[in-house]
Amino acid sequence: MGAGHSHPLHLPGASPLHRMPSEVKIVAALAFVVSVVATPREAIWAFGLYALLLAGVAATARVPAGWLATRGLIETPFVVLAVVLPFLEGGPHVHVAGLSLSEPGLWAGWNIVAKGTLGVFASLLLAATTNGRDLLLGLQRLRTPAPIVQIATFMLRYADVIIGNARAMRIARLSRCHDPRFLWQVRAFATSIGSLFLRSYERGERVYVAMLSRGYTGALPMGATARPPARQWATALTIPAAAAAVSVTAWLTT
Amino acid sequence: MEGVAFAYPDGRQALFGVDLTLKRGERVALLGPNGAGKTTLVLHLNGIHLAGAGSVTVAGLPVAKENLTEIRRRVGIVFQDPDDQLFMPSVAEDVAFGPANLGLRGAALHERVTEALTAVGMQEFADRAPHHLSFGQRRRVAVATVLAMRPEILVLDEPSSNLDPASRRELAQILQSLDVTLLMVTHDLPYALELCPRSVLMDGGVIVADAPTPQLLMDAELMREHRLELPYGFNPSVAL
Chain A
1 MGAGHSHPLH
11 LPGASPLHRM
21 PSEVKIVAAL
31 AFVVSVVATP
41 REAIWAFGLY
51 ALLLAGVAAT
61 ARVPAGWLAT
71 RGLIETPFVV
81 LAVVLPFLEG
91 GPHVHVAGLS
101 LSEPGLWAGW
111 NIVAKGTLGV
121 FASLLLAATT
131 NGRDLLLGLQ
141 RLRTPAPIVQ
151 IATFMLRYAD
161 VIIGNARAMR
171 IARLSRCHDP
181 RFLWQVRAFA
191 TSIGSLFLRS
201 YERGERVYVA
211 MLSRGYTGAL
221 PMGATARPPA
231 RQWATALTIP
241 AAAAAVSVTA
251 WLTT
Chain B
1 MEGVAFAYPD
11 GRQALFGVDL
21 TLKRGERVAL
31 LGPNGAGKTT
41 LVLHLNGIHL
51 AGAGSVTVAG
61 LPVAKENLTE
71 IRRRVGIVFQ
81 DPDDQLFMPS
91 VAEDVAFGPA
101 NLGLRGAALH
111 ERVTEALTAV
121 GMQEFADRAP
131 HHLSFGQRRR
141 VAVATVLAMR
151 PEILVLDEPS
161 SNLDPASRRE
171 LAQILQSLDV
181 TLLMVTHDLP
191 YALELCPRSV
201 LMDGGVIVAD
211 APTPQLLMDA
221 ELMREHRLEL
231 PYGFNPSVAL
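Here the protein sequences come in this chain order: A and B.
Heads up: the first sequence begins at 1 in this note's numbering, then just goes up one per residue.
Heads up: the second sequence begins at 1 in this note's numbering, then just goes up one per residue.
Think of the hints as simulated: they come from the structure by calculation, not from any bench.
Not everything, but these chain A residues come out facing chain B in the computed CB check (under 8 Å): (1) L156; (2) R157; (3) D160; (4) R206; (5) V207; (6) V209; (7) A210; (8) S213; (9) R214; (10) G215; (11) P221.
Since the structure is predicted, the reported quantities are computational estimates derived from the model, not experimental observations.
In this text, a Cβ means the ideal position worked out from N, Cα and C, and glycines have one as well.
Okay, chain A solo, but in the shape it has when bound (with noise of 0.2 Å):
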């Protein structure tokens, strides 16, 4: 619970990428994935050109290939799925390597490792080029509903918070020789979790109580609300417009 480090998704520096408003990133970002995801899988072409321009946003913001790699790990379980579909979807069937495959199948799992990746690895350059606290002030001076910025103003406070309950509750467990190696011996895991859920429960009843203390009233305090100038908007919404206008060329041309 002592001195943390910086949040492992955010890759701190000074590129043209790190220096731009939050707000104006998180609006690029969305709008491409809306690109992405309204683009027609069959329109394989427009993924490549999809997956260039991040590779060229991620060379501008100087974001390693293995770093995001490595985060890019959390889809793992979509690809799991989609790599099932091709055996389990019906339809007419193609030979593959000895393999009988749907034809559906294959097309629907393309389609989710595609969107999924390009979503995945846009979030995460969005997430490497901008500090938590940023991205919350985006939300605010985007006017995203006030309980969602609160929700997530908590989120980012207290995830560190009880990470490292969690933490120690382990440590206490392993500590008295708990050792599971099997599925039946979970139990004392999914105590764990249950009292951690408790803990936090009435973590979130102290914290309430705290801001009741200092005059909270349902509304937190508005941060700075400086608009960023419009050269900066144009500058970043190019990427998803030439999304867009890769998606409308897909669906004109599939």
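Given the coordinates of chain A, work out where chain B should sit on it, guided by the hints.
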């Protein structure tokens, strides 16, 4: 505070008629074993709990629903765990939270934040995230979050708990430098002796003793009866 009684919604009675008066500028320690009702009593001072019977008045203003904003400005509570108190992404924003709730904005708000952080020697850490600070630094920032509201009464719940000896001493120096009425809930009896000329002893939801701190700590029978013990080798008469 006169005849204050309070029961929790589950029926557990925590206070059985508490009478307590703090004079302006006084520093008082609130002592007592675990479960004596100390924290419950503290939460009556700023209207988090409203007395079931009896009344609480702060500088002439009754603690009642219609006065809560002013009461919470006058009574600042520093809670035991700084992680309960510090919830904003940066130290400066957290210190600004209280005065902003009182309606301060812009330069006036900034001035308050600087003033409070300077009082606890944490002005260099204004832009840091609370979880990047040591426990002792977080405790000091927690004190600043309350000082920023310029309270008349500063209430501290276990201020010396979990602090290393140097942080404990530094916090004592800060508290001694403040010009406020101080009520300090603590099990740290040497700390009470060092900072508070007067001590109030609670047990079983009532006040059982109210005396000068040295006199109370040297009453061996009273101390034993209420599960209070001095640290090994500590002698209040020598310490003074």
